[in-house]
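Build out the structure end to end from the sequences listed, making use of the hints.
Listed here are the chains, written in short residue letters.
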Amino acid sequence: MTDLKMIGGEMPDWSDRRADERPPAGGAVFAEILRRMAPAGGRILVAGPHDDALIDALGSRTEVVCLLRSETDAAALAERGVTVLCGTLAKVTDADRYDVVVALDGVDRLCSVEGPQLDWAEAVQVLRRALRPGGSLLLAVENELGVHRLVDRSAPTSAHGPGDWRPVGEFDEAKPGNPTRLAGRLAADGLAVSWLAAAWPLPSAPTLLATPYALQDGPVGALSAAAAGAAGTAYAGVPVLSDPRRLAAAAVRGGLGAEFAASWIVLAHRAPRPALDFVPPPVLLGDGPVVELAHDRDGGWVRKVVSGTTTPGRDTTRLNGPLPTGRLLEELLLAACLRHELRTARRLLSGWATWFGTLAADSQGSATVDNVLVDGDAYALLDPSRLGTSPGPATALRRFAETLLAGGYAHPWASATNVDSLTAVLAGAAGVQHVPAVESAPVPIPDSQREHEEQLRMLREQLADATTRAAWFEAELSGRDSELRRARLQIKAFSGKFSYRVAKLGAVSARKARNALRRVGKES
Amino acid sequence: MHHANHFYGHAHVMAEYCGLDPEHPPRIEGYLQHGWNVADGLGYGTPYVSGRPIFVWSEQTRRRAWSMGRKHSTVTGAPFLYLLRCYPSTDEAPREGTIWYPFHGWEGQHVHGSHQRLIDEILDTEPGPVTFCLYWHEFRDDKTRARYEKAGRVITHGYRGLRWQDTETRFLHNQLTELRRHRRVASNRLSSAVMYGAAAGCAPAVYGDPMRLAGEETRIAERIRREWPELHGPNPDPAAGTEVALAELGAEDLAGPAELRAILGWRAP
Chain A
1 MTDLKMIGGE
11 MPDWSDRRAD
21 ERPPAGGAVF
31 AEILRRMAPA
41 GGRILVAGPH
51 DDALIDALGS
61 RTEVVCLLRS
71 ETDAAALAER
81 GVTVLCGTLA
91 KVTDADRYDV
101 VVALDGVDRL
111 CSVEGPQLDW
121 AEAVQVLRRA
131 LRPGGSLLLA
141 VENELGVHRL
151 VDRSAPTSAH
161 GPGDWRPVGE
171 FDEAKPGNPT
181 RLAGRLAADG
191 LAVSWLAAAW
201 PLPSAPTLLA
211 TPYALQDGPV
221 GALSAAAAGA
231 AGTAYAGVPV
241 LSDPRRLAAA
251 AVRGGLGAEF
261 AASWIVLAHR
271 APRPALDFVP
281 PPVLLGDGPV
291 VELAHDRDGG
301 WVRKVVSGTT
311 TPGRDTTRLN
321 GPLPTGRLLE
331 ELLLAACLRH
341 ELRTARRLLS
351 GWATWFGTLA
361 ADSQGSATVD
371 NVLVDGDAYA
381 LLDPSRLGTS
391 PGPATALRRF
401 AETLLAGGYA
411 HPWASATNVD
421 SLTAVLAGAA
431 GVQHVPAVES
441 APVPIPDSQR
451 EHEEQLRMLR
461 EQLADATTRA
471 AWFEAELSGR
481 DSELRRARLQ
491 IKAFSGKFSY
501 RVAKLGAVSA
511 RKARNALRRV
521 GKES
Chain B
1 MHHANHFYGH
11 AHVMAEYCGL
21 DPEHPPRIEG
31 YLQHGWNVAD
41 GLGYGTPYVS
51 GRPIFVWSEQ
61 TRRRAWSMGR
71 KHSTVTGAPF
81 LYLLRCYPST
91 DEAPREGTIW
101 YPFHGWEGQH
111 VHGSHQRLID
121 EILDTEPGPV
131 TFCLYWHEFR
141 DDKTRARYEK
151 AGRVITHGYR
161 GLRWQDTETR
171 FLHNQLTELR
181 RHRRVASNRL
191 SSAVMYGAAA
201 GCAPAVYGDP
211 MRLAGEETRI
221 AERIRREWPE
231 LHGPNPDPAA
241 GTEVALAELG
251 AEDLAGPAEL
261 RAILGWRAP
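These protein sequence lines are chains A and B, in that order. The first sequence begins at 1 in the working numbering and counts up one residue at a time. The second sequence begins at 1 in the working numbering and counts up one residue at a time.
The hints are simulated quantities; they were obtained by calculation from the structure and are not laboratory data. Hints are not guaranteed to be accurate.
Looking from chain B toward chain A, a few residues come up when the C-beta cut is under 8 Å (computed) [to be verified]:
| id | residue |
| --- | --- |
| 1 | R27 |
| 2 | G30 |
| 3 | S50 |
| 4 | P53 |
| 5 | E59 |
| 6 | K71 |
| 7 | H72 |
| 8 | T74 |
| 9 | G233 |
| 10 | D253 |
| 11 | A255 |
| 12 | G256 |
| 13 | R261 |
| 14 | A262 |
| 15 | I263 |
| 16 | G265 |
C-beta: ideal position from N, C-alpha, C; glycine also.
As structure tokens, this is what we get:
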């Protein structure tokens with residue numbers, strides 16, 4: 001077999017690796033799953049655009065065949081020594097069968113412009129037929145109601161770029177809309193699901209995978225914080241409708257983590273029973289080092305670094321061990337602020353500040369409120385591997401002040417209307433003495449339209465208030481001016497010498513007489 | 001700063017608590033609530049300018065103020081409680097009798113009712129000696145003062161001040177000293193003084209002819225009675241009454257000196 005085989009329906013002047021298109025499936029978490037599932041001596045079909053690192057993760061023990069619709073992409077991959085089938089999905093026959101089929105990019109980029117445009121169910125059936133009995137399908141299914149879609153400023157059903165020749169979006173009714181329906185649909189096609197996970201924050205490169213069980217009964221505080229953190233990183237500076245961090249955290253916290261995830265990753269096998277002896281862990285986190293979470297014997301959750309141990313700026317050894325329990329400090333503080341619970345806010349802030357002082361210098365930089373879990377009076381770093389020093393706790397408080405103001409959150413310190421004054425108040429509440437005046441630029445956050453609207457509304461109110469105040473000051477000022485004039489006259493009248501007062505009286509009378517004469521003259 | 005911020009030396013107490021010069025409190029960018037009320041915390045007739053912060057005593061008052069369109073209220077707690085923090089009780093002096101605050105109205109308001117009937121009821125009710133604390137204009141009125149002097153000791157805490165002038169900046173200090181001499185605090189209307197007394201360790205009580213003002217409607221008085229029954233009657237349960245009074249004064253929400261300075265827009269000393 002040659003390295004590049006044209007199967008028909010290929011696109012000669014096309015690439016799925018353009019900067020303006022969704023990037024191919026990639027990331028360390030997907031790579032970790034592929035590394036662990038590649039069967040020695042088996043055959044794997046990788047369908048659709050996948051990052052080179054994912055192909056490489058499959059290793060050399062397995063025969064890898066890739067299916068791509070773009071001739072350009074196919075040629076480039078073949079150049080790297082990978083066997084490639086180039087063409088449209090409808091041309092794939094069941095003449096070749098595989099032990100594993102991987103479609104982590106979903107199925108919407110498998111059909112080219114040529115030939116039939118298969119819907120989701122038809123595409124999955126083609127992939128299923130490519131499996132040997134007992135073979136496994138690893139499939140990503142984008143959630144049309146995922147948080148990534150809810151915050152998107154553009155509509156998936158609008159045709160924007162040349163790749164959107166058929167922008168069906170949520171109107172592909174063959175595509176299941178939740179994990180239960182997904183499993184049911186696959187079962188109906190003879191594919192038994194052995195593992196399913198919700199993926200956050202983006203379908204193309206998730207950094208958090210968690211099973212519905214883990215999201216429901218697992219370490220919900222840490223997972224909601226991780227989902228929010230993942231969204232924060234993915235959307236830093238990105239224009240969005242509303243802040244995906246809050247939606248992600250609220251979804252996971254509210255038991256809807258699977259329903260609002262960006263996508264679902266499912267491992268299913270063809271009858272009779274799975275040939276593959278592999279089930280991924282309940283939770284995988286990977287924003288550098290890849291960390292696996294598992295239940296320990298006592299019912300707690302432990303984490304273990306499984307790859308990426310040499311990530312720069314991280315001490316990954318700190319990640320091994322029990323996962324801290326509790327809720328994200330930022331969420332607890334926001335909740336206390338919204339409820340106007342000053343006591344709670346002060347307790348959290350001062351507890352945090354005291355704990356901050358006990359941290360090693362290289363941990364203080366990451367002890368911001370969005371990376372700290374609180375359980376009762378115990379504070380712990382959610383991700384202790386990030387190394388970085390800090391000029392002091394006030395820097396983290398300033399970031400929280402920015403969050404409160406930029407997010408338009410109601411808070412109990414209404415008199416503090418800018419970051420400096422609110423930071424000073426928070427520092428006072430936390431018992432932090434030193435508040436440096438000069439700070440670095442704000443950390444980039446999601447560029448949310450809803451927050452812009454809130455700020456606009458606030459500015460309008462401030463402007464209206466300022467106008468009212470200016471009018472009030474003017475009225476006050478003219479009142480004071482009259483008072484001053486009267487007072488000066490009185491001072492003059494009572495402080496001058498008798499002869500001065502007489503002369504002054506005479507001058508006033510003379511002026512009046514002159515004016516009267518002039519008037520008489522004009523009238524006559 | 002609105003001149004009402006200086007009433008009773010409130011700004012001075014806040015400055016003292018914050019470690020600043022109590023004689024010359026810095027300007028407060030906003031309005032301090034200067035007396036207990038069932039409205040937005042501002043005094044009657046305060047010329048509120050839209051957008052300016054209001055510093056109210058309790059979270060309940062903040063909620064009420066918000067519902068009345070006051071969007072810039074911050075809960076600080078009552079200045080009197082900060083005074084208590086500056087001068088914690090040492091329990092050295094024995095307490096005796098009752099300090100009684102006959103409802104007085106403000107300058108220009110005239111109380112309708114019989115002082116004598118009220119005095120008789122007080123003397124019938126109170127178990128020990130009674131100190132009558134009159135407001136400054138009643139205290140200066142020889143006829144009224146003489147009537148109360150026949151029934152007990154008569155004092156005043158001073159003049160609250162007007163437009164920054166003649167303010168008794170130690171008004172609250174005087175009041176605290178007097179309260180700590182008495183076992184009970186009482187009035188014919190629920191007021192700041194009754195709550196201060198409860199906070200200072202007196203058993204609070206509200207009873208007697210409420211001495212209505214000319215043309216005053218009774219709706220608010222009835223509402224107050226319904227909402228805070230724990231403080232009404234000649235002998236309410238002191239623990240329950242004190243709890244209610246402390247909540248109204250914002251005892252749970254007091255800020256530390258550094259936070260209070262930042263809230264009021266003051267710099268560190």
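Status of each hint after checking the structure:
no. : hint : in the structure
1   : R27  : violated, 13 Å
2   : G30  : holds, 6 Å
3   : S50  : holds, 4 Å
4   : P53  : holds, 4 Å
5   : E59  : holds, 6 Å
6   : K71  : holds, 7 Å
7   : H72  : holds, 5 Å
8   : T74  : holds, 5 Å
9   : G233 : violated, 31 Å
10  : D253 : holds, 5 Å
11  : A255 : holds, 7 Å
12  : G256 : holds, 6 Å
13  : R261 : holds, 7 Å
14  : A262 : holds, 4 Å
15  : I263 : holds, 6 Å
16  : G265 : holds, 7 Å
Violated hints, listed in ascending order, are 1, 9; each of the other numbered hints is respected by the structure.
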